[in-house]
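Going line by line, the protein sequences match chains E and C.
Sequential numbering of the first sequence, starting at 1, is according to full-length UniProt numbering.
Sequential numbering of the second sequence, starting at 1, is according to full-length UniProt numbering.
If you are wondering where the hints come from, they were derived from the structure by calculation, not from laboratory data.
Built from N, CA and C at the ideal position, the CB exists for glycine as well.
Hints should not be assumed to be uniformly reliable.
[Said to hold, decoys possible] So the derived list for chain E, only partly shown, Cβ under 7 Å to chain C, looks like this:
hint: 1; residue: Ser18
hint: 2; residue: Glu21
hint: 3; residue: Ala22
hint: 4; residue: Thr32
hint: 5; residue: Lys37
hint: 6; residue: Gly38
hint: 7; residue: Gly218
hint: 8; residue: Glu222
hint: 9; residue: Arg225
hint: 10; residue: Asn240
hint: 11; residue: Lys432
hint: 12; residue: Asp434
[Claimed, not checked] Derived lysine to aspartate or glutamate pairs resembling EDC-like cross-links, with alpha carbons at most 16 Å apart:
hint: 13; chain 1: C; residue 1: Lys37; chain 2: E; residue 2: Glu222
hint: 14; chain 1: E; residue 1: Lys33; chain 2: C; residue 2: Glu222
hint: 15; chain 1: C; residue 1: Lys464; chain 2: C; residue 2: Asp274
hint: 16; chain 1: E; residue 1: Lys33; chain 2: C; residue 2: Asp227
2 protein chains.
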Amino acid sequence: MSQTTEQKFMALLKEQASYGEAIGLMAWDMRTKAPKKGIDNRSEVLGVLSQKVHEIQTSDEMKSYIDELKGKVTNPVVQKSLEEAEEAYDKTAKIPTKEYREYVTLQSKAESMWAEAKENNDFESFRPYLEKLVEYNRRFADYWGYENHRYDALLHNYEPGVTVEVIDRVFPQVRQALTELLGKIQSAPNQPDPSVLKGQFPKEMQEKFSLEILKRMGYDFEAGRLDETVHPFAIGLNMNDVRVTTKYDESDFRTAVFGTIHEGGHALYEQNIDPKLAFTPLATGTSMGIHESQSLFWENFISRNEAFWENHYDLFKSFAPESFKDLPMDDFYRAINEVKPSLIRIEADELTYCLHIMVRYELEKALIGGEIEVKDLPQLWNEKMEEYLGVRPANDAEGVLQDIHWSGGDFGYFPSYALGYMYAAQFAYQMKNDLDIEAFIRAGDLEKIQQWLTKNIHQFGKMKKPLEILNDVTGEGLNPDYIIQYLTEKYKKIYQF
Amino acid sequence: MSQTTEQKFMALLKEQASYGEAIGLMAWDMRTKAPKKGIDNRSEVLGVLSQKVHEIQTSDEMKSYIDELKGKVTNPVVQKSLEEAEEAYDKTAKIPTKEYREYVTLQSKAESMWAEAKENNDFESFRPYLEKLVEYNRRFADYWGYENHRYDALLHNYEPGVTVEVIDRVFPQVRQALTELLGKIQSAPNQPDPSVLKGQFPKEMQEKFSLEILKRMGYDFEAGRLDETVHPFAIGLNMNDVRVTTKYDESDFRTAVFGTIHEGGHALYEQNIDPKLAFTPLATGTSMGIHESQSLFWENFISRNEAFWENHYDLFKSFAPESFKDLPMDDFYRAINEVKPSLIRIEADELTYCLHIMVRYELEKALIGGEIEVKDLPQLWNEKMEEYLGVRPANDAEGVLQDIHWSGGDFGYFPSYALGYMYAAQFAYQMKNDLDIEAFIRAGDLEKIQQWLTKNIHQFGKMKKPLEILNDVTGEGLNPDYIIQYLTEKYKKIYQF
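Kindly generate the complete structure, drawing on both the sequences and the hints.
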């Protein structure tokens with residue numbers, strides 16, 4: 001092995017990461033600051049830079065470094081970077097260039113067709129695009145290869161190591177427990193009253209409270225910032241520039257407050273990756289599921305926890321409108337934890353959320369597996385919603401058309417959300433063994449929690465695969481018992497059944 | 001000529017422009033929004049993308065297109081783009097790669113050494129770096145070539161067509177007229193009282209007034225935005241995304257108000273370039289001097305004009321602190337036009353500004369010509385300041401070290417500022433022949449003025465060279481009579497001599 005080749009390889013990865021940071025900044029800017037007339041031009045610029053990243057990823061130069069260095073590298077960062085680069089190279093190399101190009105064109109067209117179809121509640125106009133997207137994804141899965149189920153090849157892109165076999169073992173257990181729990185909740189006499197949360201809550205005050213909570217969580221404002229947007233997200237441009245965005249609804253503070261904490265959880269992950277991974281493909285969260293476990297952990301396990309409000313309710317009231325002044329904390333706490341089956345995933349509560357995911361998982365698995373076709377989707381969607389959640393969409397806009405994912409060809413992504421819940425519950429259980437987490441939450445000492453997450457999860461970036469982290473932290477694999485136990489205990493107390 | 005080659009050439013320019021837009025956005029972000037800890041990483045990313053632009057500019061691919069297309073192109077946009085690309089290629093190709101690399105390293109080092117030297121008022125610590133920068137620039141000028149004066153080769157980078165011969169014809173006339181005028185102003189009995197402009201002026205109110213004026217100037221907020229920064233600038237990312245920045249001084253509204261109008265003038269230029277020049281090297285202002293003529297036109301000819309305040313003074317007072325309530329407009333107008341020789345260029349008034357530039361021009365011309373050396377600079381600077389402006393710096397921090405330009409190797413840049421004043425006066429004179437400009441200003445109908453500028457100047461971008469625009473608009477070349485006449489009339493009225 002030539003030392004020079006290793007340096008050249010890492011320099012090429014740095015070049016790639018640099019384009020990635022520029023692309024990330026452009027994306028952030030488009031969604032927060034950019035004037036609307038500049039968007040067309042900017043989209044073309046994004047196209048040029050994305051193409052460049054793709055070219056590097058699939059270049060002969062990259063291939064030659066991979067071939068030359070493979071099996072001859074001792075530095076673990078270089079070794080893991082090599083694995084990532086090889087996987088990215090192979091993934092693209094296996095798809096004929098012509099098909100890849102057609103697919104990229106289809107993706108961008110399909111996304112705008114989806115937006116229109118949703119707007120007009122017109123599934124049929126979107127159907128031909130979705131059919132093609134499914135067709136490409138079936139083919140890509142075959143190119144990439146799999147052992148048992150074709151859908152595994154797609155799952156691998158989002159949650160490497162997790163397969164249909166794993167999911168089909170755990171999802172039904174969770175579903176059964178959740179539907180039972182939901183039945184008990186719905187028939188409990190002691191229902192929370194969410195109307196107590198209403199009240200005109202000025203944006204500026206929501207922002208001040210959100211900023212304060214982010215700070216207490218350990219979010220570093222010298223390495224990040226909070227801005228307003230339409231569809232909130234967090235983005236790591238580099239580990240010292242990780243930005244959070246949020247959306248303010250003056251008639252419902254929950255959107256901004258829990259949304260900011262959720263994105264803040266993502267941001268803490270990206271801010272606390274080991275600096276030695278900078279400018280490598282390892283300098284980001286290891287998977288969609290582990291990332292989601294971090295946002296959900298902060299949003300639900302921390303900020304929808306009773307102990308959290310024991311400490312923060314007075315602070316909250318200092319920013320909140322008058323109407324909260326005499327609202328007892330218990331009423332507030334129970335209201336923010338109301339469980340109510342609904343049609344829209346992104347508005348779902350902590351309990352029913354996973355059921356929304358299961359509907360999507362089962363449909364996309366069957367689609368990719370060839371057991372159902374796109375034309376069957378609307379009806380199957382509605383039937384499953386009724387079966388799992390007891391609600392039935394009145395139209396496709398609030399049914400099968402609600403999410404953007406499939407229109408971008410993102411099949412295999414949805415399970416990450418539910419996996420994130422399960423990981424979060426497993427991490428939370430382990431954290432409680434290590435620290436008196438309730439005491440820290442009650443004391444407002446959230447940084448102790450952040451430090452635990454950094455030590456056990458964040459610092460590694462992509463140095464560990466998702467199930468490797470899970471095993472290292474909890475000593476076991478994916479185990480649905482923890483989420484079931486957590487939700488059961490939580491809602492038993494709130495709904496008193 | 002192969003059609004395909006032309007398309008490939010334009011695609012390569014588009015790629016280059018795309019990196020340019022990404023670099024521009026990163027620069028804007030670093031100066032307005034980016035968290036401080038992310039700056040180091042971002043600087044590296046900027047380095048990677050800048051290197052990429054340089055590589056494209058000097059690539060064999062670019063060279064082959066230039067050679068193949070030269071003399072065979074009919075489309076004028078392609079033709080002008082080809083000329084720009086060839087000039088950029090030749091300019092870089094003439095410098096040995098090794099020297100270029102050393103120079104880039106020197107530049108970034110010198111800039112931080114200058115900042116430190118200025119901070120510590122220590123010219124000697126900066127001297128060796130400045131000596132090397134001068135040495136490189138002398139050599140580069142020799143590589144690039146010139147007819148009469150070595151300094152012409154550097155001037156060409158900022159103001160193509162303008163030479164030492166041209167400047168040495170006009171600057172002395174202007175200087176003589178300005179110093180005579182300055183004498184009359186200083187001995188006039190009727191001095192304005194700038195203390196009437198004092199008063200705590202909340203930032204938010206300054207911002208509201210600035211936004212309103214920008215809007216009235218015809219600045220399109222759907223293709224731009226206004227943000228806060230430390231050293232204000234305007235930047236065109238693309239012609240539909242041209243951003244203005246400003247700085248608020250709550251004890252002196254002039255910084256933000258006139259600064260915003262100044263940068264707004266630059267921004268209007270970039271917003272109104274013909275869309276067909278998008279993604280070519282022509283989609284920007286044609287030179288530093290013409291650009292400055294636009295900002296100075298709006299800042300001085302419009303917003304320091306009496307008619308402007310006849311219309312806008314009530315609006316201003318609606319945002320201004322109480323202390324302005326009873327201030328007569330005439331006192332206000334005279335105060336914002338106070339002339340007072342000072343040491344710092346960027347704080348200079350409309351009249352003495354050009355004298356600051358002449359000090360710099362004469363010194364850098366002599367430096368590059370080899371008639372003086374860096375060690376002579378501090379004393380010569382102070383002597384010239386005393387001779388031209390009647391003030392002498394007490395130290396080098398407020399003397400020769402005040403400006404950043406030389407530390408970045410920008411020799412030949414300074415004259416653009418004074419040329420901008422002269423161009424602006426020539427344009428203003430012509431505009432008055434075409435429209436009743438005072439009436440439009442008085443009526444607050446500033447868009448008519450903007451439209452004239454777009455029609456005569458903005459739309460062309462780099463399709464015309466600076467002196468070509470000047471000739472097309474005014475029917476003559478650089479003529480200092482106009483600036484002299486304008487300033488004489490203006491100050492005669494204000495100072496009543």
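Right, here's what the structure says about each hint:
no.	hint	result
1	Ser18	holds (4 Å)
2	Glu21	holds (5 Å)
3	Ala22	holds (4 Å)
4	Thr32	violated (9 Å)
5	Lys37	holds (4 Å)
6	Gly38	holds (3 Å)
7	Gly218	violated (14 Å)
8	Glu222	holds (5 Å)
9	Arg225	holds (6 Å)
10	Asn240	holds (4 Å)
11	Lys432	violated (32 Å)
12	Asp434	violated (29 Å)
13	Lys37/C x Glu222/E	holds (6 Å)
14	Lys33/E x Glu222/C	holds (11 Å)
15	Lys464/C x Asp274/C	holds (12 Å)
16	Lys33/E x Asp227/C	holds (10 Å)
The structure is inconsistent with the numbered hints 4, 7, 11, 12, although it conforms to all the rest.
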